[in-house]
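**Student:** Work out the full structure, taking the sequences as your base and the hints as a guide.
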Amino acid sequence: MPRLPLALALVLASCGAPAAPPAALPASPAASAPPPPAPPPVQPACAIAAGLPPLLPPRLDLRAPEPSRENLRAWVHLLADPALHGRAAGSADNRRVADLLARAFLSFGFSPPEGHDPCVPFERDGVRDQNVIVHLRGKARPDGPVVLVGAHYDAQGERGGEVYPGADDNASGIAALLEIARVHALRGSDLDLVVVAFGAEESGVLGAEAFVEAPTVPLARLALMVNLDMVGRPLLDGSPLRLVVPRASEALGFVVGTRDGAKTRALLDRAAAREDRPLFGIPEAAFRRLGYASDSVPFGPHAPTIFLSDAALADYHQPTDTPDQIDLDQIGRAARLTLTLLDEVQKERRE
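Under mature numbering (1 follows the signal peptide of the UniProt record, and there is no 0), read the sequence shown as residues -19 to -1, 1 to 332, first letter to last.
Quick caveat, the hints were computed from the structure, so don't treat them as lab data.
Take the hints with a grain of salt, since some may be wrong.
[Claimed, not checked] Straight line, CA to CA, 30 Å or less: simulated DSSO-like cross-link-like pairs of lysine-lysine: (1) Lys328 - Lys244; (2) Lys328 - Lys120; (3) Lys120 - Lys244.
Here the structure is a predicted model, which is why all the values come from computation and not from measurement.
**Tutor:** And the structure:
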């Protein structure tokens, strides 16, 4: 740029040069925004979780009037996270999961059984573990019928450094159980409902056996026990049998217990008709002869039972049982059918 003529420079000097914008003042420490307060520490609901790092619950839509697909997704992904090392019975991670489930059920309005915290320890066959047990009192008389809905929350753990995450078996059943509990509490009911997340199913249905030996409600009051075990895959996934099942992509598998079997089957059929849900049944005797057992089996001599399952073979007890394989709509079908079963039991008791 050329120099200004001397006369012009003198004129500008006498008028004063344009003022430079003031430099920004450094912010006073006192004027800066305070850091957000730290969230309060998570208090365990269960004594068995004392001293363990708590698991934080996922973000949920707590007011959804029906089982929420996004809530189901959040629970499955959390429970089948490889960081939990397969939720093996008796492990520290398993206790952290138990405490998380207890806190969730309590937040829905359920209460622990009288004289216990929600995590009820047991020891059987050398396994020390716990059931998560909560109750929701209905509006009917205090000695009225009870429905128990359960699912096991343990999986295969870790073997040879490889995690068996158990997304279908049985994060799917626990996700359904959590949404059933939440929606049932939201709706209100005359029924007394007991919800149990069973421990150590993979070790031989030990948690269910422990509950039957020391029930938190008299077994004689049980109008029905519903068990959700593997409800996150298409029916008979991995088996050629599904090719002969009508509407297999929408169907649910079931086993009805022998106690009051005909009456229980009629109850299930009414609920399925209301949901327009195709069913595929396996006789309990055949189920047992095949060497399978689930948490409904120890209840069989004491109460009517319905076991809902996808009966899937694909990825069963494999490291590939991961959340990306899960059919969230199938879990929703199982949850809605169970809620309709509860409604049918309630209607039956009014008649």
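**Student:** Each of the hints needs a verdict: does it hold here or not?
**Tutor:** Right, here's what the structure says about each hint:
1. At most 30 Å may separate the alpha-carbon atoms for a hinted pair to count; Lys328 and Lys244 meet this at roughly 14 Å.
2. Of the supplied pair hints, the one linking Lys328 and Lys120 holds, its CA atoms being roughly 14 Å apart against a limit of 30 Å.
3. Among the hinted pairs, Lys120 with Lys244 is consistent with the structure: their alpha-carbon atoms are about 25 Å apart, no more than 30 Å.
Of the numbered hints given earlier, the model fails none.
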